[in-house]
Amino acid sequence: MASVSPYARRFISYLRREQIKRLAASKNRVDGRALDQTREIEIKTGVVKTADGSAEVKLGKTHVIAGVKVGLGQPFPDAPDEGVLVVSAEVLPHASPYTEVGPPDESAIELARVVDRGIRHCGYVDFKKLAVEGGKAYVLWVDLYIINDDGNLVDAANLASVAALKNTQLPAVVKDESGAVKLDRNNKSPLPLETSKVPVAVSVGKIANVLFLDPNFEEELSLDGRVTFTISEDRIVAAQKTLGYFTQPELEAALDLAIKGRDRYLEALKSILGSS
Amino acid sequence: MKKPPVPLLQNGVRADGRLPDQMREVKISVGVVSNADGSAMVSYGATTAVAAVYGPREMHPRHLSLPDRGVMRVRYHMAPFSTKDERKSPTPSRREIEISKVLREALEPAVLLEQYPRSRIDVFIEIIQADGSTRVASLTAASLALADAGIYMRDLVVGVSVGLVDGVVVLDLNGLEDNYGEGDLPVGYMPNLKRFVLLQLDGAWKREVFLQALNLAVKGAEYVYQIARDALKNKYMSIAEEIYGR
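Line order of the protein sequences matches chains Z and B.
Here the first sequence is numbered in my numbering, starting from 1 and rising by one per residue.
Here the second sequence is numbered in my numbering, starting from 1 and rising by one per residue.
The set of hints was computed from the structure by calculation and includes no laboratory data.
Beta carbons are placed, not taken as given, at the ideal position from N, Cα and C, and that holds for glycine.
Wrong hints could be hidden among the right ones.
[Said to hold, decoys possible] Listed next, with one range per pair, are the computed distances between beta-carbon atoms:
#1 P67/B - Q19/Z: 21 to 27 Å
#2 R94/B - D81/Z: 21 to 27 Å
#3 Y98/Z - K194/B: 29 to 35 Å
#4 H63/B - K175/Z: 54 to 60 Å
#5 A180/Z - L19/B: 49 to 55 Å
#6 R17/Z - D85/B: 46 to 52 Å
#7 E25/B - A172/Z: 53 to 59 Å
Let the hints inform the model, and build the full structure from the sequences given.
Spelled out as structure tokens, the structure:
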């Protein structure tokens with residue numbers, strides 16, 4: 001398995017790209033947004049009753065569903081007293097004319113791993129409380145379903161994950177007749193979270209040396225660079241350059257812009273995180 | 001936080017005796033795979049990566065070729081015997097797939113792919129021995145192999161990692177510091193153009209720490225760049241000597 005330059009090239013017409021670049025150079029955008037403006041955000045939780053936790057996020061026309069299923073399993077050997085987090089992403093063939101049927105490709109794997117790293121180290125989920133007696137641990141399976149790809153999947157998928165975790169109800173652990181532990185889905189309690197530490201992924205795009213938040217699909221096809229910072233409180237908990245290059249001053253400016261973007265996403269998350 | 005088996009930092013000295021801003025011994029040789037169009041072996045201490053480049057060559061299958069530029073194919077892979085504990089399964093893991101992607105995206109800005117329409121350039125990277133910082137050692141090896149193959153490039157790409165150990169920013173994490181430290185930041189850098197082409201943070205760092213880490217990464221990359229350049233030159237100087245004598 002090797003990584004190949006994308007050949008299912010998502011085409012954008014030369015004229016359209018030039019227009020986007022010209023607009024960017026004068027600090028304007030195709031959809032009329034300001035550089036530090038995200039698209040409209042809509043977050044709903046509890047949208048899938050069969051899941052232990054779920055959320056649906058619309059970031060402009062980008063549409064993501066996150067479902068959490070709780071399982072029992074072995075903890076990681078290097079963290080025997082902690083629960084386990086597994087994030088997977090699936091870009092559905094529905095999502096765009098460029099998506100193919102098949103197992104997750106490298107972009108989907110990267111998407112899941114960036115979201116995973118953001119949640120893992122920030123203290124949002126209290127993994128210490130997810131150890132189960134008998135050397136077992138709760139396993140949180142977070143599955144990200146991309147229904148419609150209108151750009152900036154990382155930010156939308158991250159919002160969906162943290163909202164779905166907030167919505168998650170942890171089944172109680174009971175012992176069966178033989179003494180083995182299993183989950184009782186009739187007896188649930190909220191997943192232990194530290195909501196003030198919620199991780200927020202913010203992607204910054206670069207076109208014609210101008211930085212901006214929340215690139216849409218057309219802008220993504222015209223990017224000279226993209227970097228995602230995941231921010232929790234006053235800390236950067238994950239970063240990933242996913243396209244092109246950045247100079248050091250550009251990276252610093254991108255980080256400051258990302259902190260601004262974090263506040264906008266937090267505003268949208270407020271109603272979800274506030275209620276228990 | 002997991003407790004390390006030995007203190008990672010004592011009186012400003014790291015567990016392996018290095019200062020915070022010190023690389024491990026960097027060994028670079030170019031042209032190590034005679035069949036390849038270009039190749040390089042890079043060691044940062046016990047971490048060893050071998051890169052081989054084939055191409056530009058015809059793109060197969062042809063419908064995957066691009067009319068206006070070349071296609072790059074990058075594979076990062078760890079040998080089953082390269083890890084300390086159990087045997088690593090040779091099946092590419094999600095981690096290896098992600099690293100192959102970020103390495104390709106780190107090399108593409110350096111290569112003038114528009115010079116190679118309808119062609120493909122293959123970069124194969126194998127980790128022979130792993131002791132932290134494998135992806136950045138791979139990046140240095142890959143860019144040297146590309147240069148050795150005579151591929152048109154804007155600059156060399158040098159990889160270094162920066163981490164946080166006991167609250168101190170340190171250069172070139174080894175496996176121990178990677179496992180027990182407080183996060184790492186692998187960086188790919190073009191020293192002449194001063195551009196970052198790889199950046200992945202995994203940790204929980206304040207803004208000042210992140211900016212401090214970027215500065216240290218640039219310093220480390222400039223140091224490795226000199227060694228990389230000399231290694232590349234050495235290969236061609238020795239060929240020149242063979243032909244023209246001293």
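Check the structure against each numbered hint from earlier and tell me which ones fail, lowest number first. Violated hints: none at all, because every hint is consistent with the structure.
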